[in-house]
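Visitor: These are the residues of each chain, in order.
There are 2 protein chains.
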Amino acid sequence: MVVQRALVDAHLQRWMESLPKGTLYEPMAYLLSLPAKRVRPVLTVMGCELFGGHGKDVLDEAVAIELFHNFTLMHDDIMDASPLRRGRPTVHAKWDVNTAILSGDAMLVKAYQLMGANAEVLSIFNRHAIEVCEGQQLDMDFERRDIVSLSDYAAMIRLKTAVLLACALRIGACKAGAPLDDQERISSFGENLGLAFQLRDDLLDAFGDDDRTGKVSGGDLRNGKKTWLLIRGLELEQHLGRNVLMDQLRLPSVQRDAKLMVQALREYGVEREAEIEVARLEGIAFAQLDDLDGPGRSTEDLRILANALRARVS
Amino acid sequence: MVVQRALVDAHLQRWMESLPKGTLYEPMAYLLSLPAKRVRPVLTVMGCELFGGHGKDVLDEAVAIELFHNFTLMHDDIMDASPLRRGRPTVHAKWDVNTAILSGDAMLVKAYQLMGANAEVLSIFNRHAIEVCEGQQLDMDFERRDIVSLSDYAAMIRLKTAVLLACALRIGACKAGAPLDDQERISSFGENLGLAFQLRDDLLDAFGDDDRTGKVSGGDLRNGKKTWLLIRGLELEQHLGRNVLMDQLRLPSVQRDAKLMVQALREYGVEREAEIEVARLEGIAFAQLDDLDGPGRSTEDLRILANALRARVS
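Those protein sequence lines, which keep their order, are chains A and B.
Residue numbers for the first sequence follow this note's numbering, beginning at 1 and rising by one.
Residue numbers for the second sequence follow this note's numbering, beginning at 1 and rising by one.
For reference, chain A alone in the conformation it holds in the complex (with noise of 0.2 Å):
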């Protein structure tokens, strides 16, 4: 894992190096110049390795996610009004709005320009770039609507999330020339690891440590967000006959009481519930790549870097 980011960290940084000066590139620099795992890029060198191909000459394409990946955060940020990424201002806050937007149009050329002409890639990185964007139309979607149910918010997340990290890998496993199937079980992979951390993450926000997390606990059920937990929380609430969570989602968001929210999931089980969840997705994950081991073909690294992911958000 050590020797794949720093391949990926190399590289990102001379092509940092190779911008331009001016309003449409700082932007791009200073957001990726902000702390990350840069996951997306290590799994795509660790998909063409895992098939036998040489992490050096899959960076462009590494990279090219990398920059999609952050194209897609300073639009997100705009679009959810987010002042702040990773305790940092976002580009929109630190420049402007249309900065922001122009800056992330002309990344995600630059994604292009770096993922280069393969047929093959390329067909991969349209059809799960276009699934992005779908994801987050969704989510915007969901906010204006009352009721959302478990497999639309799961059909969200894949779509927002999850795809980016199957993409990765498989776009990795496609310049190595795994076969189709392989390709297959690598993204199944990717994707269910992408669930599986998202749930995980919501998990943490309601349950987490305050000081371990270094955000206030139930922050995203006191935002009345739609995650698994509180949807699951509602339906369950319901058949319960109970009320705590639709009384406290009918009051102002600052009036909310986040720890009664909390422990009304807790009473109807649903943390049980999610945990039992992420097993089942991490469940298939695993199971991908116990298929992809063999003779002369190690997944270590892919299992190093997917329980690190876990140790962060456990």
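Simulated from the structure, these hints should not be mistaken for laboratory data.
Among the hints, erroneous ones may be present.
In silico DSBU-like cross-links for lysine-lysine, where the CA-CA straight-line distance does not exceed 30 Å [to be verified]:
{"no.": "1", "chain 1": "B", "residue 1": "Lys94", "chain 2": "A", "residue 2": "Lys226"}
{"no.": "2", "chain 1": "B", "residue 1": "Lys94", "chain 2": "A", "residue 2": "Lys225"}
{"no.": "3", "chain 1": "A", "residue 1": "Lys225", "chain 2": "B", "residue 2": "Lys21"}
{"no.": "4", "chain 1": "A", "residue 1": "Lys94", "chain 2": "B", "residue 2": "Lys94"}
{"no.": "5", "chain 1": "B", "residue 1": "Lys37", "chain 2": "B", "residue 2": "Lys21"}
{"no.": "6", "chain 1": "A", "residue 1": "Lys259", "chain 2": "A", "residue 2": "Lys226"}
What you are looking at is a predicted structure, and each value in this text was computed from that prediction instead of being measured.
Go by the hints and put chain B onto chain A.
Guide: Positioned in the frame of chain A, the structure of chain B alone reads:
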């Protein structure tokens, strides 16, 4: 021209009918349904035919260029806070800013999806797509600057407007297998045609007949928009020791007298200078076509298109 336009319209129509339902795609179909001349995709088809290719073999690329152009319109309209485009509500006015940001993003991905995986075509497209973003950035930068020189302005218009015409033609030529020097010539035709077109448009805004243009004369001047005419007018005014334009610009825009400003531009000789500049740019453009004409090769369709563009804004 009619034939190429019909090919483009039919292909674009098929593409629009293939779009999924939903908030992400409806704004694309809406914007593409507004009346438009389809100059860029028609140029791609003509660029291909000029060098012996079949127009139908370049329709994906032609429509990709039109999608890219419409993506820039969708985002530029947000940045300019424009409520109307061709007399109809802009996407961000009809839906909202977030929808216009995201639908525009997805439209750019769709443009790439249609552009395909030809390395030479992609390289041309990527290079020009970045230039268009750089042009829009310069345009926004200029709004905040007091002094913009005529050469700064020309550089901005070249990037923001003219290079996409060059790109459209060059991609058509490239697909037909045109040698690089011919690609350069047809690019230069497109770029100079674009520069001339923009300057004609500025002239029309200031000196055009209200009844013909459907716009109020001098709208750009009243808004203090830094066009070629205003920049050159301010330069000449200083040399002449006059101050009509400067005095008007110091007033709030609603109090400005556009007629007085137009009159000053005429007196200073700016109208005449701009007409000479248009003729110079068109001279360069048509000289490229002269060079390209030859046995078994006719630039007639391109000349007809260029003249139709001139007639509209003369």
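Visitor: A separate judgement is required for each hint: does it hold in the structure or not?
Guide: Do the hints match the structure? See the list:
no., hint, result
1, Lys94(B) with Lys226(A), "holds, 27 Å"
2, Lys94(B) with Lys225(A), "holds, 26 Å"
3, Lys225(A) with Lys21(B), "holds, 26 Å"
4, Lys94(A) with Lys94(B), "holds, 28 Å"
5, Lys37(B) with Lys21(B), "holds, 26 Å"
6, Lys259(A) with Lys226(A), "holds, 17 Å"
Figure legend: structure checked against the earlier numbered hints; every hint is met.
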